[in-house]
Amino acid sequence: MKIFSSALLVAVPAVLFSNLLVAQETSEAPVCDVKDITSFSYMENLPPNSDVDVGAIYKAKTDELIAFGKENNLEGFQVISQDASFSPNCCGNYGSQVNMNYTVSYKPSYDAFNAFRKFAGVGAVSTYRVGMESCPTEK
Numbered sequence: 001m002k003i004f005s006s007a008l009l010v011a012v013p014a015v016l017f018s019n020l021l022v023a024q025e026t027s028e029a030p031v032c033d034v035k036d037i038t039s040f041s042y043m044e045n046l047p048p049n050s051d052v053d054v055g056a057i058y059k060a061k062t063d064e065l066i067a068f069g070k071e072n073n074l075e076g077f078q079v080i081s082q083d084a085s086f087s088p089n090c091c092g093n094y095g096s097q098v099n100m101n102y103t104v105s106y107k108p109s110y111d112a113f114n115a116f117r118k119f120a121g122v123g124a125v126s127t128y129r130v131g132m133e134s135c136p137t138e139k
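Under the UniProt record's numbering, the letters of the sequence shown match residues 1 to 139, in that order.
Since the hints were derived computationally from the structure, they do not count as laboratory data. You may find that some hints are simply not true.
[Said to hold, decoys possible] Subject to a maximum C-alpha distance of 27 Å in a straight line, what follows is the list of computed BS3-like cross-link-like pairs (lysine-lysine):
hint, residue 1, residue 2
1, K59, K118
2, K107, K61
3, K61, K118
4, K59, K107
5, K107, K35
6, K70, K35
7, K70, K118
8, K118, K35
9, K118, K107
10, K70, K107
11, K35, K59
12, K35, K61
13, K70, K59
Please put together the full structure from these sequences, using the hints given.
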């Protein structure tokens, strides 16, 4: 029994230590996972005094955006946030408006920035790249 206890005292720490070494070896290599994040706004003017279904407009634009990602072969394309607001007719001048804002992510693509500019129409478009901290710098 004493021999068995002594063997356990040596074997258990050795197994635990070897598991720690394996964990350290696998966690040392940082992953280079770069994504582009693009945000844009889209506005649609509505006729004055109309009873338009703004939810249907919002859904249609969202569906159009998802189709846009597929048509432009944006790898890893994903809508990561979206919101919409409705502005009622002010002073009888412009009619009502539906404002929609989207943020999407995808594998890096400089060409996508221009494509999103065209997709958004007159709305603002901004883009930035994330995940570069673990990547080698290109010269």
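Evaluated hints:
With a CA separation close to 19 Å, the supplied pair K59 and K118 stays within the 27 Å bound. Proximity of K107 to K61 is assessed by CA-CA distance (about 22 Å); at most 27 Å being required, the pair is judged to hold. For the hint pairing K61 with K118, the CA-to-CA distance comes to about 14 Å; that is within 27 Å, so the pair holds. Among the hinted pairs, K59 with K107 is consistent with the structure: their alpha-carbon atoms are about 25 Å apart, no more than 27 Å.
The straight-line distance between the Cα atoms of K107 and K35 is roughly 5 Å, inside the 27 Å bound, and the hint therefore holds. Between K70 and K35, the direct Cα distance comes to roughly 17 Å. Compliance with the 27 Å bound is thereby established for this hinted pair. A hinted pair counts as satisfied when its Cα atoms are at most 27 Å apart, and K70 with K118 qualifies at roughly 16 Å. Taking the CA atoms of K118 and K35, the gap is near 21 Å; set against the 27 Å cutoff, the hint holds.
In summary, the hint linking K118 to K107 is supported, as the alpha carbons are separated by about 19 Å, within the 27 Å threshold. Proximity of K70 to K107 is assessed by CA-CA distance (about 13 Å); at most 27 Å being required, the pair is judged to hold. For the hint pairing K35 with K59, the CA-to-CA distance comes to about 26 Å; that is within 27 Å, so the pair holds. Proposed proximity of K35 and K61 is supported: the alpha carbons are some 23 Å apart, at most 27 Å.
Simply put, K70 and K59 have alpha-carbon atoms about 17 Å apart, close enough for the 27 Å limit, and the pair holds.
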